[in-house]
Amino acid sequence: MKLQISKDIKFSRFYKKLNILSLILVFFSILILSFKGLNLGVDFKGGTLIELRVENSTIKISEIRQSFLNMNLGDVNVKKFGKVNDYLIKIENTNSQNEGFINSIKEKLISDLGQTVNFRRVENVGPKVSNELLKAGLLAISLSLAAMLFYIWIRFEWQFSLGAVIALIHDVIITIGIFSLLSYEINLSIVAAVLTIVGYSMNDTVVIFDRIRENLKKYTKISIRDISNISTNETLSRTLITSTTTLLALLAIYIFGGSILRGFSFAMIAGVIVGTYSSIFVATPILNYTNVSSKSVLKEDNNVINN
Amino acid sequence: MLYFSKTKLLIIYTIIIFLFFFAILNFIKISDNTFLSKKINLGLDLQGGSYLLLEVDSNPIIDQQLQQKVVNLRKHFKKNKIQSQNLSISNQVIMIQLLDEDIKNFEEFFLNKENTLNLYYGEYRAYEMDHSILGNNIEIRYSKYGLVELKISSLEQSLEIVRRRIDEVGTNEPTIIRRGNDRILIELPGLEDPNRIKKLLGKTANLTFRLVSETEDVFGTESLSYEGSEDILMISKRVLLSGDNLINAQPSFDNQSNQAVVNFTFDRSGAKKFGRATSNNVGKRLAIVLDDKIISAPVVREAIVSGNGQISGEFTFQSATDLALLLRSGALPAPLNIIEERTVGPDLGEDSIRAGAISLAIGFLLVIIYMLYKYRKLGIVADLALIINLILLIGILTILEATLTLPGIAGIILTVGMAVDANVLIFERIKEEMKKEKSIVHAFDVGYKKAQSAVLDANVTTLISAIILFFLGSGPVKGFAVTLGIGILTTLFSAYFFARHLSSIYVMKNKNNNISI
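Protein chains in written order, with numbering that gives the first Met the number 0: chain A, 0 to 306; chain B, 0 to 516.
These aren't lab readings, by the way, just hints derived from the structure by calculation. Each residue gets a CB set at the ideal place from its N, CA and C atoms; glycine is no exception. Heads up, some of the hints might be wrong.
Unchecked claim - Capping the alpha-carbon separation at 25 Å, the derived lysine-lysine pairs in BS3-like fashion look like this:
id: 1; chain 1: A; residue 1: Lys-217; chain 2: B; residue 2: Lys-435
id: 2; chain 1: B; residue 1: Lys-449; chain 2: A; residue 2: Lys-294
id: 3; chain 1: A; residue 1: Lys-9; chain 2: B; residue 2: Lys-430
id: 4; chain 1: A; residue 1: Lys-134; chain 2: A; residue 2: Lys-59
id: 5; chain 1: A; residue 1: Lys-79; chain 2: A; residue 2: Lys-107
id: 6; chain 1: B; residue 1: Lys-5; chain 2: B; residue 2: Lys-77
id: 7; chain 1: A; residue 1: Lys-105; chain 2: B; residue 2: Lys-198
id: 8; chain 1: B; residue 1: Lys-143; chain 2: A; residue 2: Lys-134
id: 9; chain 1: A; residue 1: Lys-217; chain 2: B; residue 2: Lys-448
id: 10; chain 1: B; residue 1: Lys-449; chain 2: B; residue 2: Lys-434
id: 11; chain 1: B; residue 1: Lys-77; chain 2: B; residue 2: Lys-112
id: 12; chain 1: A; residue 1: Lys-89; chain 2: A; residue 2: Lys-105
id: 13; chain 1: B; residue 1: Lys-202; chain 2: A; residue 2: Lys-105
id: 14; chain 1: A; residue 1: Lys-217; chain 2: A; residue 2: Lys-9
id: 15; chain 1: B; residue 1: Lys-198; chain 2: A; residue 2: Lys-107
To be verified - Some chain A residues near chain B, calculated using beta-carbon distances under 7 Å:
id: 16; residue: Gly-36
id: 17; residue: Val-124
id: 18; residue: Gly-125
id: 19; residue: Ala-145
id: 20; residue: Ser-188
id: 21; residue: Arg-237
id: 22; residue: Ile-240
id: 23; residue: Ala-248
id: 24; residue: Gly-262
Please work from the sequences and hints to get the whole structure.
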């Protein structure tokens, strides 16, 4: 069976309603972000993260919790991670910079649990470093948004640039909002995911914009509304196929890539879905609202020729 | 767009075969040939190991240097018969009160570019110290450049000592590099437990020999505790001899007590000093102090003039070995703090490699099947392009000897998912053209031409993200940026050169048939 996509969907009919939906989603994301905040990982908040494996599955999580409680380390979060005997421990205390800290924890755990404990992964980030990493992450995201704005501005007219960047900001805010809602941890790899989402969402938007510009030159008498519909329909099957293959690859990482990549692939999956949606229903409508016309596109061409 | 000259084809396929050859190198063993032994390196998160970021705590050095400056200032005032009052240091600021008539002279002296109290850096056009005058009070503090110079010089020394200590432990291919003005980055691949190295780096290893105070008088003494216990002794502040004079230190077993000890040897001047110190103090207790902790405080039984000595304490053979190592490699100029540590055990690394490989295989398979389903025969073209793309990517990573991390593997999988986009854009365009065009050849030709701008735009945006991530990301994330970025380049190559050639062959063969996409 082959899925047949009708080639004349009137996307513009949904612009208003979906724009309101987008506004509500962005509003809620900001609301959740400001009230609930983000679950920042040790990368950005400082502290210690230990992924440990116990040999014996009869150990209960409560025993591990109790052992940490006895160590008086302040806020300690113990949870299961991946396989049955694996646990992830997060210690918020950032004052434990001395070199014997990790080893003393290990010794106490072994004596409390009465068996060897394997520290599979240890991440210990001091407050200074986490602060720097946070700044670098925010800088990277803002810089990539600015770079995209600049690129589109060179390649297209300002209306396109505006539409693309609003769509990007929309995608980033909603993706982060989802992370806040679900209390998923934000770490370095999530920043990488957000940057990739920015690139992907842009990629998707540019393809539609490219077609809109082409059609504006071709059909000088048709309104931008119809041009948007024609162009979106023409590129629709590409949009869907590429999103599908990207999602297939991401699903493979999400399911089989192990617990470390789960947050990253989840963010990417959310971002790809939101990004695909926003190219059609956020970026393109903005071209309608800002009254892009054949004239504005052709004028630019003339300028280039005259110069 | 469908015509390829012979030279062009030759170049395209030479590049593919060349990179294919390098990609293969990862899977076969070739003995020590520098050119052919290239391989993709595995990051610490995949092979296991430790990443440590150390920061030099320069405060003690600043204090020490300021004290030295105060001593020199006193000398200067004495020599020039300048009356100074309340010469003191607080919060790393030297404070002096001078008489009205001396202030101007002092400032002139202080800003003289030749003076050794306040160095002038020609390359910065700035002084080592900043000073401010308020009435009769002068405040002197380190300037921005003075601090930078101080930090850099202590960093350079620390780097050398750190290198020596880690080399002595003998780990596998450590990376030790300078980061900024006051940080040292250490990567220790394959190290299972960094505890020993962390302990070794956590000690400044400042060894001093000082007398245990016998009088009640507290002047000139300080109370220090024993290593690993609460016991306290009053120790004279006067240092008879320091670790700088050591030339060798080795762990060994004492024959009589059967305990681990550290044997040390002084250089010539150290031996002289040690001989004098021991002969003058027979019967007294001489404390051996390491980083303000007493290791032992034996009674001097006789003068030791040979320059050889022995430290005994509550040592295990391991701790004696480590102490000897610390003494051999010398003292750090300032304490080092571990401000970031990331350690991955070898079993987790193996698990990650396996998970990465499985998800790559599955993601790859899913995309290949989907493309076949969507495009049938042209799907084969896209799939072959995808395979070539992957080979090119691995080949380039091999030539660069890039470091593959877990996020890097994710980047490769993502490339697989997004790489088909270029071909999808082109094929969709061809489809559209085929509705209008009678000639298949022409439809393909126009399709490739018209899709070009979209393909380029779409890939440039992702490339921008990858470049920014490469420069601002750290560690494993950088690996992601590398694979994603190179993946985009190989994608463009495989779509516009390799896949286009395949489609041209396909089109030419079916010129007169009806092809449906």
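- Taking the numbered hints from earlier one at a time, note which ones the structure violates and give those numbers from smallest to largest. 4, 6, 16, 19, 24
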